[in-house]
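Chemist: Chain by chain, the residues run as shown.
2 protein chains.
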Amino acid sequence: MSGPLSDLLIIDLSRVLAGPYATMVLADLGARVIKVERPDGGDDARAYGPFINGHSAYFASINRGKQSIALDLKAPADRAVFEALLEKADVLVDNYRPGVMARLGYGWDALHARYPRLIHAAASGFGQTGPDSQKAAYDMVVQAMGGIMSVTGWPGGPPVRVGTSIGDITAGLFTVIGILAAVHDRAATGEGQFVDVAMLDGQIAILENAIARFAATGESPGPLGARHPSITPFAAYQCADAPIVIAAGNDQLFAALCRALDLPGDDPRFVGNDARTRNADVLANVLEAVLQTRPVAHWLPMLESAGVPCGPLNNISEALANRQVQARNMVVHSQMPDGTPLIVAGNPVKLSAHVDPTTRTAAPSLDADRTAILKELGL
Amino acid sequence: MSGPLSDLLIIDLSRVLAGPYATMVLADLGARVIKVERPDGGDDARAYGPFINGHSAYFASINRGKQSIALDLKAPADRAVFEALLEKADVLVDNYRPGVMARLGYGWDALHARYPRLIHAAASGFGQTGPDSQKAAYDMVVQAMGGIMSVTGWPGGPPVRVGTSIGDITAGLFTVIGILAAVHDRAATGEGQFVDVAMLDGQIAILENAIARFAATGESPGPLGARHPSITPFAAYQCADAPIVIAAGNDQLFAALCRALDLPGDDPRFVGNDARTRNADVLANVLEAVLQTRPVAHWLPMLESAGVPCGPLNNISEALANRQVQARNMVVHSQMPDGTPLIVAGNPVKLSAHVDPTTRTAAPSLDADRTAILKELGL
Numbered sequence: 001m002s003g004p005l006s007d008l009l010i011i012d013l014s015r016v017l018a019g020p021y022a023t024m025v026l027a028d029l030g031a032r033v034i035k036v037e038r039p040d041g042g043d044d045a046r047a048y049g050p051f052i053n054g055h056s057a058y059f060a061s062i063n064r065g066k067q068s069i070a071l072d073l074k075a076p077a078d079r080a081v082f083e084a085l086l087e088k089a090d091v092l093v094d095n096y097r098p099g100v101m102a103r104l105g106y107g108w109d110a111l112h113a114r115y116p117r118l119i120h121a122a123a124s125g126f127g128q129t130g131p132d133s134q135k136a137a138y139d140m141v142v143q144a145m146g147g148i149m150s151v152t153g154w155p156g157g158p159p160v161r162v163g164t165s166i167g168d169i170t171a172g173l174f175t176v177i178g179i180l181a182a183v184h185d186r187a188a189t190g191e192g193q194f195v196d197v198a199m200l201d202g203q204i205a206i207l208e209n210a211i212a213r214f215a216a217t218g219e220s221p222g223p224l225g226a227r228h229p230s231i232t233p234f235a236a237y238q239c240a241d242a243p244i245v246i247a248a249g250n251d252q253l254f255a256a257l258c259r260a261l262d263l264p265g266d267d268p269r270f271v272g273n274d275a276r277t278r279n280a281d282v283l284a285n286v287l288e289a290v291l292q293t294r295p296v297a298h299w300l301p302m303l304e305s306a307g308v309p310c311g312p313l314n315n316i317s318e319a320l321a322n323r324q325v326q327a328r329n330m331v332v333h334s335q336m337p338d339g340t341p342l343i344v345a346g347n348p349v350k351l352s353a354h355v356d357p358t359t360r361t362a363a364p365s366l367d368a369d370r371t372a373i374l375k376e377l378g379l
Numbered sequence: 001m002s003g004p005l006s007d008l009l010i011i012d013l014s015r016v017l018a019g020p021y022a023t024m025v026l027a028d029l030g031a032r033v034i035k036v037e038r039p040d041g042g043d044d045a046r047a048y049g050p051f052i053n054g055h056s057a058y059f060a061s062i063n064r065g066k067q068s069i070a071l072d073l074k075a076p077a078d079r080a081v082f083e084a085l086l087e088k089a090d091v092l093v094d095n096y097r098p099g100v101m102a103r104l105g106y107g108w109d110a111l112h113a114r115y116p117r118l119i120h121a122a123a124s125g126f127g128q129t130g131p132d133s134q135k136a137a138y139d140m141v142v143q144a145m146g147g148i149m150s151v152t153g154w155p156g157g158p159p160v161r162v163g164t165s166i167g168d169i170t171a172g173l174f175t176v177i178g179i180l181a182a183v184h185d186r187a188a189t190g191e192g193q194f195v196d197v198a199m200l201d202g203q204i205a206i207l208e209n210a211i212a213r214f215a216a217t218g219e220s221p222g223p224l225g226a227r228h229p230s231i232t233p234f235a236a237y238q239c240a241d242a243p244i245v246i247a248a249g250n251d252q253l254f255a256a257l258c259r260a261l262d263l264p265g266d267d268p269r270f271v272g273n274d275a276r277t278r279n280a281d282v283l284a285n286v287l288e289a290v291l292q293t294r295p296v297a298h299w300l301p302m303l304e305s306a307g308v309p310c311g312p313l314n315n316i317s318e319a320l321a322n323r324q325v326q327a328r329n330m331v332v333h334s335q336m337p338d339g340t341p342l343i344v345a346g347n348p349v350k351l352s353a354h355v356d357p358t359t360r361t362a363a364p365s366l367d368a369d370r371t372a373i374l375k376e377l378g379l
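Here the protein sequences come in this chain order: C and P.
The letter at position 308 of the first sequence is residue 308 when you use my numbering, and the numbering goes up by one with no holes.
The letter at position 31 of the second sequence is residue 31 when you use my numbering, and the numbering goes up by one with no holes.
No lab work stands behind these hints: they were computed from the structure.
Among the hints, a few may not be true.
[Stated by the list, open to error] Only part of the chain C face toward chain P is listed, based on derived beta-carbon distances under 10 Å: (1) Pro4; (2) Ser61; (3) Ala75; (4) His184; (5) Asp185; (6) Glu219.
Using N, Cα and C, we set each Cβ at its ideal position, and we do this for glycine too.
Could you put the whole structure together from the sequences, leaning on the hints where they help?
Modeler: This is the structure we're talking about:
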């Protein structure tokens with residue numbers, strides 16, 4: 001695929017999600033990604049549901065636009081192929097538990113000595129350093145340990161996991177950022193470097209105002225259901241048939257909301273964002289008393305024409321069908337291995353100097369590109 | 001700050017979160033970031049709580065390590081300063097509603113003609129194109145419209161917002177990726193380009209397996225409380241005093257879990273991940289019948305020593321105090337404008353060729369760096 005990274009070759013040892021998500025983002029920006037997979041089954045995600053005609057749609061989504069070669073990194077002949085790939089590569093990505101690469105003879109010092117321009121990015125659960133670096137982590141574990149679950153859900157209710165694997169995805173995005181920063185650095189220094197990203201670290205990095213609230217008060221903030229902690233009204237509110245979200249983030253927008261709902265704009269309980277936030281529950285009752293008289297289809301166009309930021313609570317089908325999402329080419333077309341069409345998420349980085357393709361080549365079958373790659377390497 | 005991006009100058013017009021989060025990540029990697037703020041109050045986030053001694057800890061967290069100059073982009077003298085900054089800049093960042101920059105005379109065509117090497121990144125709610133590009137968006141709106149709220153929460157329960165501003169933060173991370181891709185491209189072409197990132201697009205990009213599940217079944221997946229949709233056991237489970245998460249993602253780990261809890265490993269309802277996922281509720285009851293006999297402090301060390309991925313549901317205080325988070329330098333030290341110490345999240349991108357500082361200079365007061373910047377520009 002063309003794109004700003006089309007001169008970069010990525011050798012990708014990673015499995016399942018954090019690493020493969022990072023290399024998917026790089027591939028969407030034009031990088032060539034060669035997955036190096038275990039000969040016995042390859043990437044674990046090939047066995048993960050949901051399935052379409054017996055093949056993993058999960059794997060197909062995250063690995064579109066990549067190539068595959070199966071190599072046993074303990075077998076000398078396959079190691080020679082891997083090392084020939086590293087000679088040509090710009091970036092090596094793995095998400096093994098720390099120490100695995102060194103035991104294979106591919107620790108950073110050895111790699112850097114032999115391939116001085118190679119960048120090696122490792123995404124792991126807890127990172128390469130620290131007392132718990134050897135512990136196993138999955139998305140669920142870092143969502144719990146990193147604090148995001150403590151601020152997600154309803155007060156007094158059961159714990160809630162963020163409904164996508166935000167632990168993996170955040171680590172994947174920071175891995176891309178680290179790789180591109182290292183590529184930039186290499187242009188000046190001529191040398192590659194090691195990029196160490198931990199899923200748990202990424203969870204801390206996205207806590208945002210929860211850390212500031214803790215720093216200011218000494219108290220850990222709790223979950224707030226469907227509202228913002230310090231901006232009001234900024235929440236989900238119930239209409240006659242379903243909820244909508246309203247985000248009237250300042251006094252002007254609150255005044256517009258009051259006019260649209262035919263509510264008095266000067267109720268002293270709701271003058272200024274601080275008062276509204278202190279009285280968020282009372283305000284919700286006042287707003288819902290009006291909103292519940294009519295359905296979503298009545299309120300959304302009315303609030304939009306009044307300039308009040310608002311929106312429907314879309315399910316996945318509705319989100320993908322949204323006219324703006326469609327117009328932005330955020331649902332693109334790929335295939336399953338048998339040619340069945342598959343929709344996948346598009347690339348949210350839109351660049352003026354590059355076209356934004358509406359299709360992606362299918363994810364590779366295990367070892368699909370062996371012959372071509374060996375030929376290219378002269379092996 | 002030293003770092004791989006220390007040769008880059010970023011001029012930052014952005015306010016509140018998506019743009020400022022992006023430039024915070026760039027500053028953490030060494031870039032010099034000059035905030036260009038409205039003279040009347042500056043970045044709106046300066047007025048957002050929580051406050052410490054009357055100053056915004058929210059603003060201080062996201063804008064650590066940046067500089068500030070106040071400019072009125074409608075006043076000729078200030079426009080001259082702004083344009084002198086653009087002469088030196090590598091990247092311009094804004095998060096205005098689309099069209100604002102063009103009305104100021106700084107649309108992309110004009111900027112690119114005058115400053116051919118300048119990269120301009122715009123983070124907006126709905127993007128620069130499409131039928132809804134002019135609509136106002138806040139984090140809450142794109143969380144609702146983009147589908148993540150439809151898969152977060154408990155089945156049949158009220159809507160749940162992800163407890164941090166994941167709409168802004170995701171857009172910020174993709175903005176960084178777009179900027180670094182454009183910087184790389186510029187090294188080859190000599191020309192800057194326009195980077196267009198929409199918060200709504202970013203929400204689609206992180207839906208991950210929810211899109212695959214919809215593609216495979218034609219049904220929109222719903223929320224699943226605190227468990228993974230297709231891996232079991234991978235959820236929060238109640239102990240005697242509090243819940244913990246257990247993520248036994250394969251048969252070997254499930255066997256280890258059964259041994260640790262003294263449960264039979266051969267119950268036919270739980271043989272294989274598919275059976276366990278079909279019987280997730282039954283399995284939760286079986287596990288909790290044992291787990292509820294003892295507290296978290298008993299189970300976590302026992303499960304860890306059995307090699308079962310697990311963890312506590314930490315609140316923010318506990319997450320920040322975690323020994324691995326501390327060892328990874330993910331809680332770093334900054335100050336409020338009056339010198340009061342402030343903890344902020346560290347940089348999750350750890351690089352072998354650069355030190356990872358334990359401190360950050362304080363966020364600037366409005367216009368704090370005017371004199372130095374004007375002198376530097378020879379104005």
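Chemist: Now look at each hint and say whether the structure bears it out.
Modeler: Evaluation of the provided hints:
1. Pro4: 4 Å, holds
2. Ser61: With a closest approach of 5 Å, the serine 61 of chain C hint holds.
3. Ala75: 24 Å, violated
4. His184: Hint holds; histidine 184 of chain C Cβ to chain P Cβ min 6 Å, cut 10 Å.
5. Asp185: Holds, about 4 Å.
6. Glu219: Holds, about 8 Å.
In terms of the numbered hints stated before, the structure departs from hint 3 and from no other.
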